[in-house]
Each structure stands twice: as structure tokens, then as C-alpha cells.
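Each chain, letter by letter, is given below.
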Amino acid sequence: MSGVLFGAGLALSGMMDPTRVRGFLDIFGRWDPTLAFVMGGAVLVMAPAWWIQSRMRHPLADAAFHLPQTKQIDPRLLGGAGLFGIGWGLAGLCPGPGIASLATSFAPAAIFVAAMIGGMAVFNLIDARLRGG
Amino acid sequence: MLAWFPYAQPVGGLLGGLMIGLAAAVMLLGDGRIAGVSGMFSRAFGLNRSATPWAIAALFVAGLVIGALLFVGINGPIAAHYPPGIGWLIAGGLFVGYGTRLGSGCTSGHGVCGMSRLSPRSLLATATFILSGMVTVAIVNLLGGAW
Chain A
19 MSGVLFGAGL ALSGMMDPTR VRGFLDIFGR WDPTLAFVMG GAVLVMAPAW WIQSRMRHPL
79 ADAAFHLPQT KQIDPRLLGG AGLFGIGWGL AGLCPGPGIA SLATSFAPAA IFVAAMIGGM
139 AVFNLIDARL RGG
Chain B
6 MLAWFPYAQP VGGLLGGLMI GLAAAVMLLG DGRIAGVSGM FSRAFGLNRS ATPWAIAALF
66 VAGLVIGALL FVGINGPIAA HYPPGIGWLI AGGLFVGYGT RLGSGCTSGH GVCGMSRLSP
126 RSLLATATFI LSGMVTVAIV NLLGGAW
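So the sequence lines, in the order shown, correspond to chains A and B. Under my numbering, the very last position in the first sequence is 151; numbers go up by exactly one each time. Under my numbering, the very last position in the second sequence is 152; numbers go up by exactly one each time.
Treat the hints loosely; a few may be bogus.
Simulated coverage check for chain A against chain B, where a stretch passes if three residues somewhere in it have a Cβ under 8 Å from a Cβ of chain B [said to hold, decoys possible]:
| # | stretch |
| --- | --- |
| 1 | 22-33 |
| 2 | 67-77 |
| 3 | 80-91 |
| 4 | 111-122 |
| 5 | 129-142 |
Derived from the structure by calculation, the hints contain no laboratory data. Note that beta-carbon positions come from the ideal geometry of N, C-alpha and C, so glycine has one too.
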């Protein structure tokens, strides 16, 4: 249900067009502010949802909330976000639109999604080494 | 001010954004979880050790594709211009995959869910990936690789 709404929202928002996403990041060129409207719209709905959440004992369909508790701002967070931004700028796609585009532009979206799986798998390998696992 | 950006799509963007927010709210208030695409995706493919049940992650990821499919089925095709050559997609995908695992989230988890929660981690992560994306695009343009 949530996924279907999310996918339809992405399609409506124009974010499944890599050129438009790239345009948002292209501040010195042909800047396209659309992405800011998408994020603004989503935050506009989510902010009251968090307020409602703070007054609920448990979610409607589960006995407890499962929310991130990490507070630490560390090099992993910033390094990861930095690397993610590089990929976002190169391809004009982040995970949501990349996956949803499997429905509309299968071949290029599948290449992106496959590479994303590869990147995640490489991370797991390196992370396991670092943790001595 | 928007007259300066004739190619922008503010209405569609805002409506789509509201819908994405609603989707994230359904996940939060219904299942009690963050609708983070990179997290759900890596969980569905067995690439992280999150406690999220596999079925929830897999249904969410499948829903993304089904939602987009329904939208184009009802509304007709959407515009999508891809980079020239698969190298961009492969390199982009690798960085996106690695970066979202290391940084625990992407545009949906940090950008939509985390920022609206005023999580300092997510605010900083979002600022970082937007900045790094802008720098990346600027460098690509300087090197003559604009598309």
C-alpha cells in the first residue's frame, strides 16, 4: 500500500526523469527547482504524521514502533551521504526512482538497479572485513 | 520567481511529493517503520541485517514498481531522459548502493522521513548528499560531460 502510493507519487512528481533530477543539482547551469517542491510536499505531510506518531502508543498494524535510534553523527554518515550524492549526480537517479523506473524504462533502470545491488554487496564485503567477520 | 525556470514542474512536483509523504505516513503510522527506499530494498535483497520482516520490505519495493505502472497505465507515459551510455548508470548505481549502505539512507529515509522528524543526522546527511550531488554535476559539466 505504502509502496504503491510511493511509486505513483514518484511518477507524478517528475522524479523518474533523470534529467530533471540532474537539473536540480545543476545550480550553475539550467537549474530545475522541481525536486525541492517534491521534497517540500512530502515533508509537509510527514511533519504532522510525526506529531501524530508521538501521541500513539503503537502503530495501527504492529505492537511497537521500529524507528532509528542512532543519534551519532560520524564519518560513516557523512561519507556515505557524500558518496551517495556522487552517484546521484552521475546517474540522475536515487534508489526510489531507479526502482520505480523498472516499470517504465526497464533496460536503463535495470542496469542502475543491478549496479546499486553491486555497490551494496561491495559495502557488505568491505564492512565484514573491517569488522573482522 | 518560477517564471525564471520555465521547465520546472512545480504543481506535479508538489502533488507527487504530497503523495510520497502520504506513502511514508502510511508506513510510519501503519507499520511503525521508516519508508526508506534504500533500506527496504537492501532488506528485500538480503543485503542488510535489519529487523524489518522480509515480506514488508519486498512488498514495499514491489509496490514502487506497481505504483509507477498504475500511474502510467492511467495517465499515459512519463518523460524520462537518461544519460548517454550505460557507464553513467553503472558508476552512479555503484556509488548510490555503497553510499546509502554506509550512510544508512537515501533521499526518502533521510530526506523525507528524517528531515520531517528534524533528526540532526538526517538533516546533515541530506545537506551532504545534495551538496555532493551539486559538486559532482558541476565537475561533470566542467569536464564537458553534461547531458
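Hints not upheld, ascending by number: Checked against the structure, no hint fails, so every one of them is satisfied.
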